[in-house]
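S.K.: Below, each chain spelled out in residue letters.
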Amino acid sequence: MKFQKTSALALGLTLLLAGCAQGAGSPAPGSEQQTVRQAEALTTSETWAKAAESGMSAAFGILHNSSGTPIALHQVSNAQGDEIQIHEMRGTGTGMTMAQLEGDLVIEPGKDAVLAPGGNHLMFMDLQQPLVAAQTARLTLEFADGSSTEVDFPIRNFDGAKESYDEHAGH
Amino acid sequence: MPGISVDRRALLGTTAAAALGGMLTGFGTGKLSVPAASAAEPGYRPFYGKYQSGILDRHQAHAVFAGWDLHWREGSKKDQLRAMLQMITEDAARLASGRGVLADTEPEMAQPGCELTLTVGLGQSLLDVAGHGQIGTLPHFAGDQLEQQYGQCDLLIQFCAQDPTVLQHAVRAVSKNLRGLASRRFAQTGFASPGVHGFRNLFGQLDGVNNPEGEVRAEAVFGQPGWIENGTTLALRRFEMDLDGWDEVDTAGRDHALGRRQADGSPLSGGSVDDPVDLAAVNGLGLPAIAANAHVALARPGSADEVMHRRGYNFAGQASGLLFASYQRDPATSFIPVQHRLAAADALNTWLKPVGSGLYAILPGVAEGGYLGEQLQM
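Chains as they are written, first to last, in full-length UniProt numbering: chain A, 1 to 171; chain B, 1 to 378.
It cannot be assumed that every hint is accurate.
To be verified - Which stretches of chain B does chain A cover? Using the computed rule of at least three CB atoms under 8 Å from a CB of chain A, they are:
1. 77-91
2. 102-108
3. 179-187
Claimed, not checked - Rough simulated footprint, nothing fancy, chain B against chain A, three-plus residues with beta-carbon under 8 Å:
4. 48-55
5. 130-143
6. 151-157
Unchecked claim - Here are the simulated lysine to aspartate or glutamate pairs, DMTMM-like style, with alpha carbons at most 25 Å apart:
7. B:Lys176 - A:Asp152
8. B:Lys176 - B:Glu108
9. A:Lys111 - A:Glu88
10. B:Lys77 - A:Glu53
11. B:Lys78 - B:Glu90
12. B:Lys176 - A:Glu53
13. B:Lys50 - B:Asp330
14. B:Lys176 - B:Glu106
15. B:Lys353 - B:Glu147
16. B:Lys78 - B:Glu374
17. B:Lys176 - B:Asp79
18. A:Lys111 - B:Glu108
19. B:Lys50 - B:Asp305
20. B:Lys50 - B:Glu90
21. B:Lys50 - B:Glu215
22. B:Lys353 - B:Glu240
23. A:Lys111 - A:Glu150
24. B:Lys77 - A:Asp152
25. B:Lys176 - A:Asp159
26. B:Lys78 - A:Asp152
27. B:Lys50 - B:Glu219
28. B:Lys78 - A:Glu53
It should be emphasised that the hints constitute simulated quantities derived from the structure, not laboratory data.
Using N, Cα and C, we set each Cβ at its ideal position, and we do this for glycine too.
Work out the full structure, taking the sequences as your base and the hints as a guide.
M.R.: The structure is reproduced here in structure tokens:
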């Protein structure tokens, strides 16, 4: 992981980590208090992106906040300069629509944000390069405190979640 | 990266969706970190190790041998091959530990644990892309009536399991992930009911009676010289059986063609199924007890270099027969000369039609964090 330092924004994030048994931000033994940047509190699993030659696609996975305070995913980018939005699904059943999330994606302490087909996801709006199955898309996840981390999303074939691409009424 | 270790059992079934945050029932269930199922865990065979599983270990009841031909995009073929092998490795590790693959739409079908193994091999065409390894291809054998649909492929995966539903899910999951990267040429389904002395083939014979065991098996498969350390080769042949013609053969004729008794596998030279075949033995008429062209007389290894480990399966459908699968360190000294002998004279050839043939370089095993084929140093 790489962490960008924006110290001013981090000042308010002094966390009590004594009770936190897991995560990238675990303190050294004996340390009771430590400033943890939001990106350091992120652990990810089951990440993947949908293969596509062009146009739109999406990325999914489980984002876990291993810290004791909320973290807020603010922006997602990649080296190709793709526009990548954080999308949420609204409503239930067949009445669900997709829209760009207003504000940041907040993950409460110890909780997961599950990004999955039919649910919240990261949306590539217009791919500059194909997402080729078996290769890996590396995305930079930037948090509200300015910290960021790179996360790999293995690219896989997936035929579902097409409804996500047809309903952009919310934009 | 530190993960969250959640016990597999805690995540199975109805608790899975809740554990992952609610609304997404049926998607992405599984452990959040990837400790390999230990060898001791019932229902699971190890994925990581010195050798790939599905070779030396006990014959499962169901198998699919699936073959693909790769498509290439512009750019480095080595990079594409490496990426594909990394994906297959991840898929295989997940499936073997009872989890769906990434983007799996039916992860529930990865359960229950049923000793699923995936064993990955490359044809010479992909060794050439990698720039490492030489196994060649199988020659034409007398009597071959090969069909393109069962021919040599670039990539071969042997899927084996005790449960056919879990097995078919694994084949489907891997095949979906390979779409666009490769075209699947075949998915040859097989079954067997292994007992103490091999399994019954569809002729009714005990197949695999003389298979090597223990250290002898390991030496035949992974000893040196081989094409790579801890790797081996798989010879895959598809023999259709003329079961209608076989019906017309009486017991004595059947036993004569095989050189063993159909009933119990005992050699016609005398003794029980565990006794060695004695080609010098004579019958009451002073004639050889086992004919020179009997199957066992020709198949018997002439030396330690000819020993191979057979792990084949029956198939049935439009046609029925045997999916012959043998593992050997060097096919040039074992499978190929033995098959030439059999193809030229085996009394069973009357009822056998070889329609498929291929040779694959079985990759060495990998440790957790590695990928199949990493030893090729692409």
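S.K.: Hint by hint, note whether the structure agrees.
M.R.: The hints, checked one at a time:
| no. | hint | verdict |
| --- | --- | --- |
| 1 | 77-91 | holds (count 6) |
| 2 | 102-108 | holds (count 3) |
| 3 | 179-187 | holds (count 3) |
| 4 | 48-55 | holds (count 3) |
| 5 | 130-143 | holds (count 5) |
| 6 | 151-157 | holds (count 3) |
| 7 | B:Lys176 - A:Asp152 | holds (21 Å) |
| 8 | B:Lys176 - B:Glu108 | holds (16 Å) |
| 9 | A:Lys111 - A:Glu88 | holds (17 Å) |
| 10 | B:Lys77 - A:Glu53 | holds (19 Å) |
| 11 | B:Lys78 - B:Glu90 | holds (18 Å) |
| 12 | B:Lys176 - A:Glu53 | holds (17 Å) |
| 13 | B:Lys50 - B:Asp330 | holds (19 Å) |
| 14 | B:Lys176 - B:Glu106 | holds (12 Å) |
| 15 | B:Lys353 - B:Glu147 | holds (11 Å) |
| 16 | B:Lys78 - B:Glu374 | holds (11 Å) |
| 17 | B:Lys176 - B:Asp79 | holds (20 Å) |
| 18 | A:Lys111 - B:Glu108 | holds (24 Å) |
| 19 | B:Lys50 - B:Asp305 | holds (22 Å) |
| 20 | B:Lys50 - B:Glu90 | holds (17 Å) |
| 21 | B:Lys50 - B:Glu215 | holds (15 Å) |
| 22 | B:Lys353 - B:Glu240 | holds (5 Å) |
| 23 | A:Lys111 - A:Glu150 | holds (20 Å) |
| 24 | B:Lys77 - A:Asp152 | holds (22 Å) |
| 25 | B:Lys176 - A:Asp159 | holds (10 Å) |
| 26 | B:Lys78 - A:Asp152 | holds (21 Å) |
| 27 | B:Lys50 - B:Glu219 | holds (14 Å) |
| 28 | B:Lys78 - A:Glu53 | holds (21 Å) |
Violated hints are absent here; each numbered hint is respected by the structure.
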